[in-house]
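Just so you know, the sequences run in chain order G and S.
Following the numbering used here, the numbering of the first sequence begins with 1 at its first residue and continues without gaps.
Following the numbering used here, the numbering of the second sequence begins with 1 at its first residue and continues without gaps.
Treat the hints with care, since some could be wrong.
[Stated by the list, open to error] Listed next, the stretches of chain S that the computed footprint assigns to chain G, with coverage defined by at least 3 CB atoms under 8 Å from CB atoms of chain G:
# : stretch
1 : 130-140
2 : 265-279
[Stated by the list, open to error] Using C-beta positions, here's what the derived DEER-type ranges look like:
# : chain 1 : residue 1 : chain 2 : residue 2 : range
3 : S       : Ser186    : G       : Thr247    : 57 to 63 Å
4 : G       : Glu228    : S       : Thr175    : 27 to 33 Å
5 : S       : Ala185    : G       : Lys373    : 47 to 53 Å
I should point out that these hints are in silico values taken from the structure, not numbers from a laboratory.
We treat Cβ as the ideally placed atom computed from N, Cα and C, and that holds for glycine.
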Amino acid sequence: MASAPRPERVPRLLAGCLPLTRPTPTVGLVSMEQEETYLELYLDQCAAQDDLAPPRSPLFNPVAPYGMYILNASNLDTALNSNPEVKEASGDFSSVDLSFLPDEVTQENKDQPVISSRHETEENSESQSPQSRLPSLSEQDIGLGLNSSSLSNSHSQLHPGDTDSVQPSPEKPNSDSLSLASITPMTPMTPVSECCGIVPQLQNIVSTVNLACKLDLKKIALHAKNAEYNPKRFAAVIMRIREPRTTALIFSSGKMVCTGAKSEEQSRLAARKYARVVQKLGFPARFLDFKIQNMVGSCDVRFPIRLEGLVLTHQQFSSYEPELFPGLIYRMVKPRIVLLIFVSGKVVLTGAKERSEIYEAFENIYPILKGFKKA
Amino acid sequence: MPGRGRCPDCGSTELVEDSHYSQSQLVCSDCGCVVTEGVLTTTFSDEGNLREVTYSRSTGENEQVSRSQQRGLRRVRDLCRVLQLPPTFEDTAVAYYQQAYRHSGIRAARLQKKEVLVGCCVLITCRQHNWPLTMGAICTLLYADLDVFSSIYMQIVKLLGLDVPSLCLAELVKTYCSSFKLFQASPSVPAKYVEDKEKMLSRTLQLVELANETWLVTGRHPLPVITAATFLAWQSLQPADRLSCSLARFCKLANVDLPYPASSRLQELLAVLLRMAEQLAWLRVLRLDRRSVVKHIGDLLQHRHSLVRLAFRDGTAEVETRGKEPPRICPAPPVSTVTGDENISDSEIEQYLRTPQEVRDFQRAQAARQAATSVPNPP
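Okay, chain S solo, but in the shape it has when bound:
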């Protein structure tokens, strides 16, 4: 800039005012020589006018990562590694945790809540990538109660305004089925019980799809349905040898926990298969029951689309007619003639009050009970 002087090194007049870490300097734009420097600190008199700022009003809170937040972020990363999730999931989960931590309600929450929050962030990340992680699995890993988990999960989804897709059933089937220890012979698993993984997976998937179509999955926990479907698929692949094995025994030798509703899901699935079998002429004559239908699951699944349509087109119609009252008028609501301003008779109120004699008896009984509980155990 003209009139500002010349650079002592190269003699150019192109001097630029620039700041180096908030210290203003005059720099030559040709050779980079620093001509003059600004003042680095305030003068003593200036500092005298400064006022104290409390920590809560400064930006320190936002810039620093508190110890509990650091701990939480470490827990998130550890959890992702334990679950062997892909590395991108870790970053997303950490980002969600940080985002949640910015809300004062979360910052001030109890430690137990922050622990569960770790699980929630990981779960949301998995759901968004269609990774089949159940809430039950997370709760077992965190040693948390499902109710506590559910309340914090709902709260955080609402707080962060997230769009969390539902659990991907197909993926869950694949991971859950693969965890069954039936694909290799072992001391606990005899040879006739060993099954090929691919065949079992594909058949289980078809059975789960069938269950989904026939209203067995909506509103229910997904896992017991998959357990029941896996069992049926396994049985149907070699019915001669395996019909004798029960669901409980099956889960035991496969080294998988048997969820409680699985047996009722199994019965429901068998009922659906029986209804489908009714539509096939060559099966109708066999008069199948819940055990013998297992032998024909392969055929039923092969034609499942048309069979379901046939079986439940008539089926739902009959359910509807059974459910409706013949004249399709809704019953009128009971008309209450209460106005809210009626007279309240004294006798009605008196029935709720104790007579003086009753009051005395009650007080005596209470005192006796107090005395009994306060006396220590008799020697």
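So that you can see chain G by itself, here it is in the shape it has in the complex:
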């Protein structure tokens, strides 16, 4: 689709402060270095004029609903960079001295223009040689590519009727969200993901607690209805309660393992109930060192996955032996989670001590899996 740049979407701030030699730019003729230059200069301007809310709103319009951007500062950078009209003018800024800028900023910005110009090159049939390497760069980085595809999708969605009406409205919230984004930490607490909102569901929580007293397992098995004790098979009492539906292994040392709960709070409640049962049986049970040892989650990405391809590209993390097990075992390093990935698209995540680790692991794996989706 042709993107004739709309003059009204040119930030008035830029138009006023930076000399533009060509009012109607031909997008795509600008080199990467010049794009960085624009960005840095623009950011300087923004920093200098914090109170100017209106010029920022056009930048937020073409991208996804701003609700998604409240907590993620990296998306904020992308949003700022994705406006194609920023890269309008010709090379008047090659003489600008950038030595005061730290290295990381320039490094980041080298990546960001890649994302935005990717959907530019998709829209324009002709592309100059400096930009011809950009699609390959972004294709290699699937994560960024995903970002750009979601951006370009929402770009096309919001284009039709909304530019004028949406412009004035998100002013205040945008300035708020901007400041909010600059101070809040990067990891979102809610599991809202860019990947169509698939959230892994917790299926099992394993926790341990110390009752801090020696227990007579025979007496417990005799006086409790919900207990089974077979010392020849296993040296612990297996006790079950109905609400929350869990199972506990109670050892004579006073240590207890509680399994089967679907959330951390349920696991804690169940462990307390077991401790109460033991108390009622006459033991001076306490509730010390409750700790969640393992959390298991599962979800469905809803498309089939080429496991053979995944094991080839991610060989150092994956283990796929169809003769032994139908799923691929992916050992993620950060966070330290083991994922079982099946050809149907179902994913099981285990080994987490915190709920956020499961969500983070799924966020990491989803772009990789999308790369192996075959239509």
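Following the hints, complete the assembly by docking chain S onto the known chain G.
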């Protein structure tokens, strides 16, 4: 060296200090005559200061090859010879075994584990050279359980940090198909069932590739797919005579074990072929079913690339729309209002405890059961 003296034989002054097996000697560099020798052993007083070193702290453990390791290395070589592997494989497998043996966990492992380790080393070597050896085959040769084998295999791959490529499907097809006894007439194989090896191999290979493309191979054991493909290839080469033969009978007369999942793989493969047949106009009118499509496998395979693209471009789209709920919103997770710190009522706990009467009954029942089991069989 000047000042050191002259060689008694040739009279040169070029004397070099050299050591011969850790004994230092003064040697003439011209004629090689040994002028003086160093002391070979320590003196008695020196030896008195030496201390005993235990075997575990000496390097003896590393230098000597223990008997069980020797046995294991012999087993590795024997296994390679039984499987008729090329000679280079033997050396690689032996090297892997030795490498594994350096880890204390392996050295101290049970004999059963060391036996299975032999198989693992051979399997890894074969995989790295694209030699199609299945785990099932190794387990049969070692009389080992597949679960035991799998645990040791995963452990050793992790321990040695190896990069083991996946089983090469094409090679497996070739070796597996060649094992079917259908290429010569015999008392059990009538003439109309005999088939040319090359034709059958090429057609089986095409069918297996088709299965791979259409998601029948990913996540599944490879062998049953190949069995099903071989059967279909064989049937389609002479459908008139062979349609009456079932998969089980086919495996029996070919003298090959029929793996259990092969029949479901066969049905899946036939379903794929039927979908491809729908895309060909002249086959659509024939209204094929699972038996009649076999006659046209040759044509279908000839155009398989475009047919698969046509059949599954629409197919996967319809699968997706069927699978998605109309509004593409994921259902919100059930919000649990448990805080973990709620009050636990006494009555709830009491429901899990036995009343004193119940305890007495239970004890009586237990005692009765004990008495019953301890009494010997009635005469």
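Could you work out which earlier hints the structure fails to respect and list their numbers in ascending sequence? 2, 4
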